[in-house]
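Protein chains: 2
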Amino acid sequence: MYAIQYDEDIIVVDAGAKFPDEGLPGIDLVIPDVTYLLENRDRVRALVVTHGHEDHIGGVSYFLKQLNVPIYATRITLGLIDLKLQEHGLQRETELHTITLDSELQFGGMRLTFFRTNHSIPDCLGIAFHTPEGVVVHTGDFRFDLTPVNGQYPDIHKMARIGEEGVLLLISESTNAERPGFTPSEQMVGKHMEEAFLKAQRKIFVSTFASNVVRVQQVVEAAMKTNRKLALLGRSMVNVVNVAMEQGYLHIPEGMLIEQQDINTLPPERVAVLCTGSQGEPMAALARLATNSFRGVEVLPEDTIILAASPIPGNERNVSRMIDNLFALRARVIYGSGSSTGMHVSGHGYQEELKLMLTLMKPKYFVPIHGEFRMLHHHRQLAESVGVKPENIFIIKNGDVVDIQGGEARCTRTVPAGNVYVDGLSIGEVGTVVLRDRKQLAEDGMLVVIVTLSRSEGKIISGPDIISRGFVHMRDSEDLIRELTNLVATTMRNLQREHVHQWSVMKKEMKEKLSQFVFARTKRRPMILPVIIEV
Amino acid sequence: MYAIQYDEDIIVVDAGAKFPDEGLPGIDLVIPDVTYLLENRDRVRALVVTHGHEDHIGGVSYFLKQLNVPIYATRITLGLIDLKLQEHGLQRETELHTITLDSELQFGGMRLTFFRTNHSIPDCLGIAFHTPEGVVVHTGDFRFDLTPVNGQYPDIHKMARIGEEGVLLLISESTNAERPGFTPSEQMVGKHMEEAFLKAQRKIFVSTFASNVVRVQQVVEAAMKTNRKLALLGRSMVNVVNVAMEQGYLHIPEGMLIEQQDINTLPPERVAVLCTGSQGEPMAALARLATNSFRGVEVLPEDTIILAASPIPGNERNVSRMIDNLFALRARVIYGSGSSTGMHVSGHGYQEELKLMLTLMKPKYFVPIHGEFRMLHHHRQLAESVGVKPENIFIIKNGDVVDIQGGEARCTRTVPAGNVYVDGLSIGEVGTVVLRDRKQLAEDGMLVVIVTLSRSEGKIISGPDIISRGFVHMRDSEDLIRELTNLVATTMRNLQREHVHQWSVMKKEMKEKLSQFVFARTKRRPMILPVIIEV
Chain A
400 MYAIQYDEDI IVVDAGAKFP DEGLPGIDLV IPDVTYLLEN RDRVRALVVT
450 HGHEDHIGGV SYFLKQLNVP IYATRITLGL IDLKLQEHGL QRETELHTIT
500 LDSELQFGGM RLTFFRTNHS IPDCLGIAFH TPEGVVVHTG DFRFDLTPVN
550 GQYPDIHKMA RIGEEGVLLL ISESTNAERP GFTPSEQMVG KHMEEAFLKA
600 QRKIFVSTFA SNVVRVQQVV EAAMKTNRKL ALLGRSMVNV VNVAMEQGYL
650 HIPEGMLIEQ QDINTLPPER VAVLCTGSQG EPMAALARLA TNSFRGVEVL
700 PEDTIILAAS PIPGNERNVS RMIDNLFALR ARVIYGSGSS TGMHVSGHGY
750 QEELKLMLTL MKPKYFVPIH GEFRMLHHHR QLAESVGVKP ENIFIIKNGD
800 VVDIQGGEAR CTRTVPAGNV YVDGLSIGEV GTVVLRDRKQ LAEDGMLVVI
850 VTLSRSEGKI ISGPDIISRG FVHMRDSEDL IRELTNLVAT TMRNLQREHV
900 HQWSVMKKEM KEKLSQFVFA RTKRRPMILP VIIEV
Chain B
400 MYAIQYDEDI IVVDAGAKFP DEGLPGIDLV IPDVTYLLEN RDRVRALVVT
450 HGHEDHIGGV SYFLKQLNVP IYATRITLGL IDLKLQEHGL QRETELHTIT
500 LDSELQFGGM RLTFFRTNHS IPDCLGIAFH TPEGVVVHTG DFRFDLTPVN
550 GQYPDIHKMA RIGEEGVLLL ISESTNAERP GFTPSEQMVG KHMEEAFLKA
600 QRKIFVSTFA SNVVRVQQVV EAAMKTNRKL ALLGRSMVNV VNVAMEQGYL
650 HIPEGMLIEQ QDINTLPPER VAVLCTGSQG EPMAALARLA TNSFRGVEVL
700 PEDTIILAAS PIPGNERNVS RMIDNLFALR ARVIYGSGSS TGMHVSGHGY
750 QEELKLMLTL MKPKYFVPIH GEFRMLHHHR QLAESVGVKP ENIFIIKNGD
800 VVDIQGGEAR CTRTVPAGNV YVDGLSIGEV GTVVLRDRKQ LAEDGMLVVI
850 VTLSRSEGKI ISGPDIISRG FVHMRDSEDL IRELTNLVAT TMRNLQREHV
900 HQWSVMKKEM KEKLSQFVFA RTKRRPMILP VIIEV
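Just so you know, the protein sequences line up as chains A and B, in that order.
Read in this note's numbering, the first sequence has 839 at position 440, and its numbers run on one by one without any break.
Read in this note's numbering, the second sequence has 880 at position 481, and its numbers run on one by one without any break.
Do not take every clue at face value.
The list cannot tell twin chains apart, which means a pair is met if one copy fits it or any two copies do.
[To be verified] Cut-off 35 Å, straight-line C-alpha distance, at most; resulting in silico cross-link-like pairs (DSBU-like, lysine-lysine): (1) K754 with K910; (2) K761 with K788; (3) K788 with K906; (4) K907 with K922.
Keep in mind that the hints were calculated from the coordinates and are not lab data.
Produce the complete structure using the sequences and hints provided.
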């Protein structure tokens, strides 16, 4: 999420979500901290969304719940946002505005114009903010596919015009800044897809992101050419394909789509299946097919599985486990992005494309965004190589503010920003303390020690009782548990002998004694929870 | 770990360890289940180790503690094993035998001969088991580097002779069975290393596996050519380099090695540092340098960092986080295995090399090993492509037994086998139950509910007390906790009204009521532990 502010007007660009890594156990989603926008709620005029990928729309519903602003995006982007609004029951109160390449929006002193880019989803926009101070360009995600399958050419001439008129600041994405060269055209995928369909003797399963409408269309074409019917598996595949068809982005001939139950009734060489789960998500269609736990549909020997997506960093393990399972079913699995059979090309421009954008815009100032630090770093070097002054390039962190006044930019302020964790129904409630506890619990489990004291003499009248989970299997470790119990008992007796009666002190003492003993015996540090009950 | 048995004699090949993935929280190491060998302890004649990598020697000490057999390996392999025996205080009682390429060992009806392979560590062996039934060949890990830096040429002629005499069964590694072509020579790394050293203006840090002695030697050469002194950071780097020097595998000129404290006193352009941590291990030298938390040594702007290893699957995140941190220190970071600057080549043969091994050995039967299922699958296809009969190829799982009798092989039996988890000091004590608990605790934390009843009337005389960890931050969730407390109280009252007094029933009831309520309210499933105390 980015915010462009001029005078009293703030335009928010995108409201994405990211998926938690293993450092965030139990967290479902990570969304942006919008404190600054809430503090300035009466200045926020609009949320403009560049395209419909999760990392750009996944946070929209959560944002709207806190700050209901009109949303501006292209038709398919709005269609995908609408699916999210439905889930969160926000459709009614949300104000949606469809924009096109030629739209112009005026907010206070800011005029917004748009240019088309290509990416792995249709109708992506770059945004030019025309302000009295100068023009600020936000590219959104982009590549330059000069032979796009869907005829959506990148709007190079418009970009050139914007550049000629002069760009004060370019904000450009950096995902593939480490990769030399130029992305292969999506046409490559279509070619390989068709070849694979021609070779296949039995059922074909293709998994890709449903939102990659062009790729889905290429699967449809391949199925047509080889006279196969097409089934859709997975909720998001069905939903997104329907949106794309209704809106006319996707064309599937009458009678080609079949229901799940028809997959087994038709001869295998007449069936193709489009399914979710290209990232190996355990609950998604393909992962369940790979373990033959998808009710009603079975992967049989010699079926062909095509993974038309590459694993997002962090998903490698799940994906490769899934591929192993599919091979174990004796399916023919086609994966990887090799130039000979590759079923995937990146939607993000490589170095030469990033340089092309920089060259078209020839900005005075440059802020690389959308990438890990090393990618931003490489993007900076690319900018320098095409003539942007090193001192005019800012690598910024979440919350950093770039102020431009009188044509001079400075990055000296920050505003509150960062990650908010969504866990189940709670937003932001799970913080670092809870996560730290979860990690410790995961590492070595825990020990609960309960001692019941008599209010009168303060003597132990029940317990110590010890419960452990995730530490040792209690049945196999009776001796250890017994020793721990005795240790607590002795500790308590000594405390009483020393007339120590504050619970805090007693708990602290129990905890210390236990953890020392446990670590010496097991080299492990379970969480230890002493409980004192007085009756 | 593999076991070759003929008649009454068993030879064990390798005793490796693997590192746990995120599915095994808190586990330190995974070692093989050796139940079968323990059941047949008086038949086990020897442990023969092909080379000194963790996945081949990491389990040696644990194995010896259960079954003390003589170990046979080449000099450097024994040197590395010895480091492990020291850690476990097993040096005295262990019987070590140095073998060379020309060694021949006789165990009952089995005669073992050896052939040299190249890999990313010196003195790797393949083993030929000559038995009256025929010859069984175990390749160990290998590649064919026809221009090896250290002059250790793969022993192609000996392999050819073995093949000519006839191989009944080939057991060959599969790590790179998915990669077409032929691995580039290690010389490529040396060339790029030298170029990087020539370009560097300030300190150079190189991280690689200490056991990759040849690569370490190439770092030494590059440092010599550019007149830099060399410091070693990280325990295993120091240990392994010492072993390699003592044994004459590594040659570092007199006076070139410097102490850690000299790193800062010498001019930066005169210093090179070899350090551990190429996998981004949080506690290893490089990761600590990357956050400038390595006492006494600092990474400064324009220092050069060379990652001369590629991340092992699963380590990608740690490695890329580390690279980000290094860039943030404004260091020049060289990583990746690109052919232009690549600082790493694989130690495992690609498809053409696997085919070369198969061609040299032309076995009747083939068992691909050492790889995930899809790699074994690809290796099978390679074997078929060079003429091994499909029905003579066995893809086996841990514990599967391939029996050969009268020249005919069958795979119908299994023996106990699998993973044993090492956690702290305990071996095998942490099982699936404990791990399942750890995962649940990590996902949603836990709730302990304690109710104290009077033995006389069975009334609640204290509590319900509720403690939560890893679920919600208790201070921020007092309302929720209060509601839960009331729910438990009501549940107990109802039970008493119905004269239910069995603890098991009461606990079950509390658990159900609580988990339903908690899930409805939070969509989370913390572990719920009801405790009843009677006084």
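Status of the hints after comparison with the structure:
1. K754 with K910: neither (59 Å within a copy, 60 Å between copies)
2. K761 with K788: The answer is within: 11 Å in one copy meets 35 Å, while 63 Å across copies does not.
3. K788 with K906: neither (61 Å within a copy, 69 Å between copies)
4. K907 with K922: both (20 Å within a copy, 34 Å between copies)
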